[in-house]
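Colleague: Residue numbers (the numbering used here), protein chains in the order written: chain U, 1 to 387; chain W, 388 to 491.
If you are wondering where the hints come from, they were derived from the structure by calculation, not from laboratory data.
Heads up, a few of these hints could be off.
[Claimed, not checked] Below are the BS3-like pairs computed for lysine-lysine, each with C-alpha atoms no more than 27 Å apart in a straight line:
| no. | chain 1 | residue 1 | chain 2 | residue 2 |
| --- | --- | --- | --- | --- |
| 1 | U | Lys179 | U | Lys228 |
| 2 | U | Lys285 | U | Lys364 |
| 3 | U | Lys330 | W | Lys467 |
| 4 | U | Lys244 | U | Lys321 |
| 5 | U | Lys330 | U | Lys364 |
| 6 | U | Lys285 | W | Lys467 |
| 7 | U | Lys285 | U | Lys224 |
| 8 | U | Lys93 | W | Lys445 |
| 9 | W | Lys445 | W | Lys430 |
| 10 | U | Lys93 | U | Lys232 |
| 11 | U | Lys179 | U | Lys232 |
| 12 | U | Lys244 | W | Lys430 |
| 13 | U | Lys179 | U | Lys244 |
| 14 | U | Lys244 | W | Lys445 |
| 15 | U | Lys244 | W | Lys467 |
| 16 | W | Lys445 | U | Lys330 |
| 17 | W | Lys445 | W | Lys467 |
| 18 | U | Lys228 | W | Lys430 |
[Said to hold, decoys possible] Which chain U residues stay away from chain W? Per the calculated CB distances, all over 12 Å, these:
| no. | residue |
| --- | --- |
| 19 | Thr24 |
| 20 | Asp68 |
| 21 | Asn100 |
| 22 | Ala101 |
| 23 | Asp109 |
| 24 | Gly225 |
| 25 | Pro241 |
| 26 | Gly256 |
| 27 | Ile263 |
| 28 | Ser374 |
Beta carbons are placed, not taken as given, at the ideal position from N, Cα and C, and that holds for glycine.
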Amino acid sequence: MLTRLLGLLLVFLAGCAQVPLRGTGDLGVVIERATGRIAIVESSTRSILGQVDGLGDLSHASLVFSRDARYAFIFGRDGGLTKVDLLEARIVKRIMQSGNAIGGSISQDGRIVVAQNYTPGGIKAFDSETLELLSEVPAEYAPGSFSKVVGLADVPGNQFAYALFEGGEIWVSDFSDPKRPVTKRYPAGLQPYDGLVTPDGRHYLAGLFGEDGIALLDLWQPEKGSRKILEKYGRGEEKLPVFKMPHLRGWSVAAGRAWLPAIGHHEVLVADATTWKETGRVAVKGQPVFVIASPDGRQIWVNFAFPDNGWVQVIDTLTGKIVQTLQPGKAILHMEFTPRGEAVWLSARDDNRVVIYDTRTFQKLGSLEVDAPSGIFFTSRAARIGF
Amino acid sequence: MRGFWLLPILTLLPALVAHADDRTALIRMVRQDCGSCHGMTLKGGLGTPLTAQALSEKPGESLVATILYGRPGTAMPAWKTILSESDAQWIVGHLQEGFPEERR
Numbered sequence: 001m002l003t004r005l006l007g008l009l010l011v012f013l014a015g016c017a018q019v020p021l022r023g024t025g026d027l028g029v030v031i032e033r034a035t036g037r038i039a040i041v042e043s044s045t046r047s048i049l050g051q052v053d054g055l056g057d058l059s060h061a062s063l064v065f066s067r068d069a070r071y072a073f074i075f076g077r078d079g080g081l082t083k084v085d086l087l088e089a090r091i092v093k094r095i096m097q098s099g100n101a102i103g104g105s106i107s108q109d110g111r112i113v114v115a116q117n118y119t120p121g122g123i124k125a126f127d128s129e130t131l132e133l134l135s136e137v138p139a140e141y142a143p144g145s146f147s148k149v150v151g152l153a154d155v156p157g158n159q160f161a162y163a164l165f166e167g168g169e170i171w172v173s174d175f176s177d178p179k180r181p182v183t184k185r186y187p188a189g190l191q192p193y194d195g196l197v198t199p200d201g202r203h204y205l206a207g208l209f210g211e212d213g214i215a216l217l218d219l220w221q222p223e224k225g226s227r228k229i230l231e232k233y234g235r236g237e238e239k240l241p242v243f244k245m246p247h248l249r250g251w252s253v254a255a256g257r258a259w260l261p262a263i264g265h266h267e268v269l270v271a272d273a274t275t276w277k278e279t280g281r282v283a284v285k286g287q288p289v290f291v292i293a294s295p296d297g298r299q300i301w302v303n304f305a306f307p308d309n310g311w312v313q314v315i316d317t318l319t320g321k322i323v324q325t326l327q328p329g330k331a332i333l334h335m336e337f338t339p340r341g342e343a344v345w346l347s348a349r350d351d352n353r354v355v356i357y358d359t360r361t362f363q364k365l366g367s368l369e370v371d372a373p374s375g376i377f378f379t380s381r382a383a384r385i386g387f
Numbered sequence: 388m389r390g391f392w393l394l395p396i397l398t399l400l401p402a403l404v405a406h407a408d409d410r411t412a413l414i415r416m417v418r419q420d421c422g423s424c425h426g427m428t429l430k431g432g433l434g435t436p437l438t439a440q441a442l443s444e445k446p447g448e449s450l451v452a453t454i455l456y457g458r459p460g461t462a463m464p465a466w467k468t469i470l471s472e473s474d475a476q477w478i479v480g481h482l483q484e485g486f487p488e489e490r491r
C-alpha cells in the first residue's frame with residue numbers, strides 16, 4: 001500500500017517537473033554562429049525562451065524541423081547533426097556524420113533527414129527518429145571525382161533534388177525505399193552554387209556561378225530534361241567581385257514571378273514563373289545574398305554581400321520598385337518572416353543582436369541580444385515543401 | 388619637466404591603438420567574411436582550407452596575389468578594392484603560422 005502511494009507520488013512529481021503544455025507554432029531558432037549555441041525564440045512575445053549549447057562549428061549552419069515542429073535538426077559546418085527538442089531546450093541526439101557539411105533537408109513524410117556534404121561530397125540519409133544512417137549517395141560524377149553538394153531540397157514523393165558544384169549537374173534521388181535510393185542525373189551548367197524548389201514542389205532551379213543563367217528542371221515532367229533560363233543575363237558586362245555566395249530557397253516565388261539574385265551584378269532578376277522568361281530586373285545596392293518574399297508575396301526583402309552587408313532593401317512586387325532602404329545594423333546575415341509576415345526578424349551579426357521590423361510601417365519593433373546571430377528559422381518551415 | 392618624457396609616448400599612443408584596432412578588424416574579417424567560403428575555422432568549405440597545414444609550404448607571394456587578384460574561373464574573388472598589399476601580406480603570414488582566434 002505504502003509503496004503504491006509512493007509510486008503515485010513519484011508519478012505526480014515527475015509530471016510536475018515537465019514543461020507546461022504549449023504549442024510550437026510561434027517558436028523559432030536563432031543560430032549563434034561563433035559559440036556553437038542556438039537560441040530558442042518565440043515570435044509572439046519576441047523573446048528568447050532558452051539556449052542550447054554544444055552544437056560544434058555553426059558557421060554556415062542551417063536546420064530543418066520535424067513535421068510536428070517539436071524538434072530541430074541542425075546541420076553544422078563540421079559535419080555535426082544534432083536533434084534538439086525545442087520544448088525542453090535540450091539535445092536529444094548528436095552525431096558526426098561527415099567532415100564538412102553545408103545543410104540538409106527532411107522528407108515529405110518526415111521520416112528521413114538528409115544531410116548534404118562537401119567532404120566527402122554526397123548526401124546521407126538518416127532516420128529522423130534515431131539518427132541512424134539509412135543510406136548514402138556519393139556525388140561521384142565521374143570515376144574517382146567527387147563533387148561538393150549544394151542546394152539540397154525535399155520534393156514530393158520522398159525525393160530530394162540537389163546540385164553538384166564541380167559536377168555541374170542536378171541530381172534527383174528517390175528515397176521511396178530509404179535504404180536503396182534511386183538517382184537520376186540532369187545537366188545543369190558551370191558551378192551550380194545553390195538551388196531551390198518552387199513552393200508547389202514542381203520546379204527545381206539551380207543558380208550557376210560559372211556562367212550567367214539558371215538551370216531549371218520540371219519535376220512533373222523530368223523526362224523532358226533540364227534547360228537553362230535567364231541565359232546571358234550579364235549581357236557580356238564585366239562581373240563585379242562576389243564576396244559572398246547568394247542563397248536560394250523556395251521563398252523566391254511571389255506574385256507569379258521568381259525573384260533571383262544575379263551573380264556579379266548588383267541586380268535582382270525577375271522571371272515569369274510559368275514561362276520562365278525574363279520580365280525585368282531591379283537594380284539594388286550590392287551583390288544580393290538573400291532575396292526573400294514575404295508570405296503574402298507583396299514584398300521582397302534583399303540583403304547583401306560584404307561590404308554592403310549593412311543594408312537591406314525592400315521591393316514592392318506590384319510595381320517592381322524599391323520602396324524602402326534600411327540600415328538595420330552591422331553585418332545583416334539573414335532575414336526570416338513571422339509565419340504570416342507581419343514582422344521580419346533580421347540578424348545583425350556584428351551588433352550581436354536580432355532586430356525586428358514591422359513589414360507594413362518599416363518601424364523597428366524591438367531587438368534581442370544574441371551572440372553573433374546568423375540563421376533565423378521559424379517552425380512554420382516545418383509545413384513547407386523545399387525547406 | 389617631470390611630465391616631459393610622457394609626451395612622445397602620448398603622441399605615439401593613438402597610432403599604436405589604431406594599429407591594434409586594424410588587426411582586430413582584420414582578424415574578424417578573415418574569420419567571418421573569408422570564413423563564409425573558407426569556414427570560420429578556416430578548415431575549408433566552398434573555398435579550400437586556409438590552415439597552416441594547407442598553406443605553410445606554399446610560396447607566400449603567390450598567396451598574396453591570390454588574395455589581391457582572385458583566381459579567375461573559381462569563386463575566389465579579388466580583394467584589392469578592400470585590402471591593401473600589406474594587409475594581404477599580414478594575412479598570409481598569419482595564415483601560414485595558424486591564424487589567430489578572434490578575441491571575444
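Colleague: Measuring Cβ to Cβ, find out whether Thr24/U lies farther than 12 Å from everything in chain W.
Modeller: About 29 Å separates Thr24/U from the closest Cβ of chain W, which puts it past 12 Å; holds.
Colleague: Checking one constraint from the list: CA of Lys445/W to CA of Lys430/W, max 27 Å. Satisfied?
Modeller: Judged against 27 Å, a Cα distance of about 16 Å means the pair holds.
Colleague: Sort out whether Lys445/W lies within 27 Å of Lys93/U, counting only the CA atoms.
Modeller: Given pair Lys93/U, Lys445/W is violated - Cα atoms ~41 Å apart, limit 27 Å.
Colleague: Taken at face value, is the distance from the CA of Lys364/U to the CA of Lys285/U at most 27 Å?
Modeller: holds, 21 Å
Colleague: Does Lys467/W sit within 27 Å of Lys244/U, going by the straight-line distance between their CA atoms?
Modeller: holds, 15 Å
Colleague: Going by Cβ atoms, does Ser374/U stay more than 12 Å from chain W at every point?
Modeller: violated, 10 Å
Colleague: Decide if the proposed pair is consistent with the structure: Lys330/U and Lys364/U, CA atoms, cutoff 27 Å inclusive.
Modeller: Between Lys330/U and Lys364/U the Cα gap is close to 15 Å, so the pair holds against 27 Å.
Colleague: Once the closest CB in chain W is found, is it more than 12 Å from Ala101/U?
Modeller: Incorrect as stated: the minimum Cβ-Cβ distance to chain W is 10 Å, not above 12 Å.
Colleague: Within a Cα-Cα threshold of 27 Å, do Lys244/U and Lys445/W meet the stated pairing?
Modeller: The hint holds at about 25 Å.
Colleague: Does the structure keep Lys244/U and Lys321/U at a Cα separation of 27 Å or less?
Modeller: Distance of about 24 Å is within 27 Å: holds.
Colleague: Is it true that the CA of Lys445/W sits at most 27 Å from the CA of Lys467/W?
Modeller: holds, 21 Å
Colleague: For the pair we were handed, Lys285/U and Lys224/U, check the Cα-Cα distance against 27 Å.
Modeller: violated, 38 Å
Hint check: violations occur at hints 1, 7, 8, 10, 11, 13, 16, 18, 21, 22, 25, 27, 28; the rest are consistent with the structure.
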